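Chemist: Here's the letter readout for the chains.
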Amino acid sequence: MAFAWLPGALGDIAHGAATTILLIAVTTLAGTLLSILGAAGRRNGPVLLRRAIAWYVEVMRNTPFLVQLFFIFFGLPSLGIRLDPLLAAMLAMTLNMAAYTIEIVGAGLDAVPGGQTEAALALGLRPRQVFIKIVLPQALKIIYPALTSQIVIMMLESAVVSQIAVRELTYEADMLQARTFRSFETYFVVTLVYLAMSMALRRLLVTGGRRALGAGVS
Amino acid sequence: MIEFTFWDIVRNLLLAARWTVLLSLAAFIGGGIVGMVVLFFRIAKNKWSRRIASGYIALFQGTPLLMQLFLMFFGLPMLGLRIEPWTAAVLGLTFFASAYLAEIWRSGVDALPRGQWDAGASLGLHYLQELRLIILPQAFSITRAPTVGFLVQLIKSTALTSIIGFEELVRTSNAINNATFEPFKVYGLVALIFFVMCFPLTQYARSLERRAATR
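So the sequences go chain by chain: Y and E. Here the first sequence is numbered in the numbering used here, starting from 1 and rising by one per residue. Here the second sequence is numbered in the numbering used here, starting from 219 and rising by one per residue.
In case anyone wonders, no lab produced these hints; they're calculated from the structure. Honestly, I wouldn't trust all of these hints.
Per the computed footprint, the stretches of chain Y lying under chain E, defined by three or more beta-carbons under 8 Å from a beta-carbon of chain E, are [said to hold, decoys possible]:
1. 16 to 28
2. 52 to 64
3. 67 to 75
4. 172 to 183
5. 188 to 202
Just so it is clear, the structure is predicted and the values come from calculations on it, not from any experiment. A virtual CB, placed ideally from N, CA and C, is assigned to each residue, including glycine.
Chain Y on its own, in the form it takes in the complex:
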């Protein structure tokens, strides 16, 4: 074991970690937003839309993320859409995460008692207001623990986007071990960085959720 290379590599590791954080931040925001639309559409939309969303969820959940990433990154250019690796990674991660969170958000929407909607409608709120102001906040509170787990899983999954040359943490690790020839030590250190990041992210989401939603997360 030799760690003499480590001080000189800290900058690269920090840069990679920052990119990983950027990826997961974008994915969390876009994925959650998309899944709220998806879950609402699957319940209240026209039949064709409902079926399309159901199939989308099944296809994404039953195929590997790596294949979805390759499909988007290598496939889209043949349609004339050329994506920057970072954009392709964000797109693939968001689409993948949405498939899981559509199910999660949907379960939360179903768990809100129907009486809440009826009461809000009786008070004269319009259906959209009922959804945004009454049903959604309660649903989010219920699903918050599951959402937290999914976000952490997604961050770990993001290691794969190094394969389309996004310069995130795993990509930097590959570059470092090629330069230092200390592959075990490099991957060991980067694995610990990932561990610290996933623990910190969970902690952040749990305390953040408790503040913002009052959601009871263990």
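Could you slot chain E onto chain Y? The hints should help.
Modeler: Chain E alone, transformed into the frame defined by chain Y:
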């Protein structure tokens, strides 16, 4: 350049899918065996044994599988152990699966009422007999749905072993794509093959879940 017809592509992908299936099975069986050991540590009476098992589970659930595979494949040779992609893939996925399966089964053990243990003890069974005859059979039957669900996740995870050079479905498809330049067709077919393997299991897990909910 070699010409690939549509059927050549399909045939090669299906041949490669054998390895995906084999690897999934090996990792599921290996992960089940190691997972049982971790489970024993996790629910033992000794506090340190429980802590070690929790740490093991947190380590594998808190780091990317890709890093675990890299450590196996690139790391072990540096410690003087030469390792083939197949061995690294099976070992890496086995450890990964063991942590998840142990945690799933532990949730089943936790779900059992305290009285089950007490009843076993009052019948004069010792700890291992209690586990074997009373606790574990019930814990496994409660957690059948999430166990099948995890198998789906494991099958999808085999895709990552292409990155350390194991010749399974995704690695073969990369090679075919480089020769044919038809990414939509090639990766679409790969996605379809994975879907055909995973979808029935997803449906099965769902029906188990429904049955458990109505019981």
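Chemist: All the hints need checking, so say for each whether the structure fits it.
Modeler: Here's how the hints hold up against the structure:
1. With 0 residues carrying a beta carbon less than 8 Å from a beta carbon of chain E, the region 16 to 28 of chain Y misses the three-residue requirement, and the given coverage is violated.
2. A stretch counts as covered by a chain when three or more of its residues have a beta carbon under 8 Å from one of that chain; for the region 52 to 64 of chain Y and chain E the count is 6, and the coverage holds.
3. With a threshold of 8 Å between beta carbons, the proposed coverage of the region 67 to 75 of chain Y by chain E holds, since 6 of its residues qualify and at least three are required.
4. Residues of the region 172 to 183 of chain Y lying with their CB closer than 8 Å to a CB of chain E number 4, which satisfies the three-residue condition for coverage.
5. With 7 residues bearing a CB less than 8 Å from a CB of chain E, the region 188 to 202 of chain Y meets the requirement of three and the coverage assertion stands.
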